[in-house]
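Go by the hints and put chain B onto chain A.
Number of protein chains: 2
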Amino acid sequence: MPDAFQFRLLATDGAARRGEITTCHGVVETPAFMPVGTQATVKGMLPEAVRGSGADIVLGNTYHLMLRPGAERIAALGGLHKFMNWPHAILTDSGGFQVMSLSGLRKVEERAVTFRSHLDGAMVELTPERAIEIQALLGSDIAMQLDECIALPAPRAELERAMRLSLRWAERSKRAFEGRPGALFGIIQGGDDPELRLASLCALIDMDFHGYAIGGLAVGEAPQVMRQTIEALAPALPVDRPHYLMGVGTPADLLDAVALGIDMFDCVLPTRNGRHGLAFTRRGPISLKNARHAEDPRPLDEASPCPAAKDYSRAYLHHLVKAGEMLGSILLTMVNLSYYQELMAGARAAITAGRFEEFRHQTQAMWAQGDLPPR
Amino acid sequence: MPDAFQFRLLATDGAARRGEITTCHGVVETPAFMPVGTQATVKGMLPEAVRGSGADIVLGNTYHLMLRPGAERIAALGGLHKFMNWPHAILTDSGGFQVMSLSGLRKVEERAVTFRSHLDGAMVELTPERAIEIQALLGSDIAMQLDECIALPAPRAELERAMRLSLRWAERSKRAFEGRPGALFGIIQGGDDPELRLASLCALIDMDFHGYAIGGLAVGEAPQVMRQTIEALAPALPVDRPHYLMGVGTPADLLDAVALGIDMFDCVLPTRNGRHGLAFTRRGPISLKNARHAEDPRPLDEASPCPAAKDYSRAYLHHLVKAGEMLGSILLTMVNLSYYQELMAGARAAITAGRFEEFRHQTQAMWAQGDLPPR
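From first to last, the protein sequence lines are chains A and B.
Start counting at 1 in the first sequence, then tack on 1024, and there's your number in this note's numbering.
Start counting at 1 in the second sequence, then tack on 1024, and there's your number in this note's numbering.
Isolated chain A (complex conformation) (with noise of 0.2 angstroms):
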């Protein structure tokens, strides 16, 4: 298989960034947003349902993938496209961030990060080079470097110590990826200290990834460190290579994260608060748990493009929320992925026409008008 991976800047609108990702299986569209398919499923969708939403591209987790059913064995199966009928892209983890959320066990030495299995209890290891292996046993078509993800706040000692495993951790695993299809980017850590996380860039970047991902965010860090984190980094990151922030987040943390330069997004809300009856929308989040919809005739918006949107009343929709019903897990989890892509197609049609600030207030704009009450 050709190294297929290309990124290809198309237009810059101030430091939002409008590109395009190629892969082996198909092209990214950027600033775009992963949905994230933990076990080899997005939660509650059918493959075509996801891509109807929009999704170019969705997220694996390797901590999940390499426990159940086990990296070799999906390989034997034809590699994770093919075992999830998903034939589009998919980036993978390296299983850093879930070690450090779900084992309740680990033990971080130089060699490898040993924990124990959320299912069984079992003893894992997990080195930088095994990451790459599971990656490309999956057939990833971006995978990512092993790192070390702590919480925060932490003191600097500690954001510095876990920094430079990581960096070290990067140079192994950029040589297991040498001479493999794909792309593998590389992971910037240093916690809310902009000097570290500058440092970890600056040499990540000596390495040479085909991507840099700003890993360690949305990990218990107060708001405004997000933005002060990527505002540290922006201006040093490559400008012909993908800016991925991980694990992020809200629409208006999207939103924040394009005017900043970000290219790529993956996060479990709209999915996870789909399942927990939150809708996003337009006009802001709508809680269907509330009883207010309960006779409510209306749809959720009947402008959007997504059926689950126009087609099912408030009424209908509180009602399968306080049912328990799948069906009002699925009907929702559509409503927020088709929204988290219908925000990312506005933005990057913005930035190409250059008004991507304009289309930025304007949809805070509705955002802040909130949900309209019914007649």
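Rather than coming from a laboratory, the hints here were simulated on the basis of the structure.
Check before you lean on any hint, since a few could be wrong.
Just so you know, same-sequence chains aren't split out, so a pair can sit in one copy or run between any two.
[To be verified] Heads up, simulated DSS-like pairs for lysine-lysine below, C-alpha to C-alpha not over 30 angstroms straight-line:
#1 Lys1067 with Lys1346
#2 Lys1067 with Lys1106
#3 Lys1313 with Lys1106
#4 Lys1131 with Lys1106
#5 Lys1334 with Lys1198
#6 Lys1106 with Lys1334
#7 Lys1334 with Lys1067
Then chain B, alone, in the frame of chain A:
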């Protein structure tokens, strides 16, 4: 709205019948299987997926819908078709069966059945007249009379008491239904006693219903009771009315009953079993929980018209089931609903062609042959 209900018998083959029910919401080809949409949703299915499986009609449950969200609320929102975004035909049951099976505390009196809601413990009353009113509020195309359905085995005196009460409720239902659009079916009771069953049917025929249903089966009786009951009743069922076997059954039950002259079925088996990892296929049932599927790249049935049966490996379905992923329930429900519809479509074509027995034996032989082991 005109009284659009009409039944046309198109062909017979032995006792098996091929027909067509016309409703205000489209034509239902018989023999027909009706997926169960208890809480205004066929669990885990978008309405277009239910339609895509081949269903002309779904069943809605009066008991569940009267308790949540309430019949008056659904009426205010434009009726059940609009509420659940299902523009095709709907049959509603009367609540009698669920009062027996779901409500812990209940009191059956001449005037009404009073029961404790399984949702909030409130005492609720249901009269034959109210059951008709609820079904009219829902906008049902085919309504069912309120009956008393009792568990088997039961003493003859008890069977007769419940059957006689159900007949008096049938009369009241008939009167309450007068002038309303759509159809009302009477329900034959009498348990496992053929004499009581025939007495019930004769009395119902005197009242002249749009269709006749066999109730009170699939309630704990011995396997041969179903066959004996249908055999006893079949010759006496009016030829020009649909014959509906309530709450049945397995694919084998369906073919056996079609052979005896049954036109309509509903059952939770394809949906419930799908959610629990069991697929119905041309080669019999397949439990996807079984570890033997873990590395099997074959689809469930490469010759199926259902994408869920041919576009996903057994290994993937096994993974989804083991991981408790919603998509496993969704795909297996699709597989099962499609298989039930495929079976009914096959039966209809075979009856028209005058070779239903051949079709039945071939289908049974395929089931008996069982699932092919992986090579």
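Status of each hint after checking the structure:
In the homo-oligomer, the alpha carbons of Lys1067 and Lys1346 lie at most 30 angstroms apart both inside one protomer (19 angstroms) and across protomers (14 angstroms), since each shortest distance falls under that limit. Within a single copy, Lys1067 and Lys1106 get their C-alpha atoms as close as 17 angstroms, and across copies as close as 27 angstroms, so both meet the 30 angstroms cut-off. Within a single copy, Lys1313 and Lys1106 get their C-alpha atoms only as close as 37 angstroms, which misses the 30 angstroms cut-off; across copies the closest is 21 angstroms, which meets it. Neither within a single protomer nor between protomers do Lys1131 and Lys1106 lie at most 30 angstroms apart by alpha-carbon distance, with minima of 34 angstroms and 56 angstroms respectively.
Proximity of Lys1334 to Lys1198 under the C-alpha cut-off of 30 angstroms is found in neither arrangement, the shortest distances being 47 angstroms within a copy and 39 angstroms between copies. In the homo-oligomer, the alpha carbons of Lys1106 and Lys1334 lie at most 30 angstroms apart only across protomers (13 angstroms), although the nearest pairing inside one protomer, at 32 angstroms, exceeds that limit. In the homo-oligomer, the alpha carbons of Lys1334 and Lys1067 lie at most 30 angstroms apart both inside one protomer (21 angstroms) and across protomers (20 angstroms), since each shortest distance falls under that limit.
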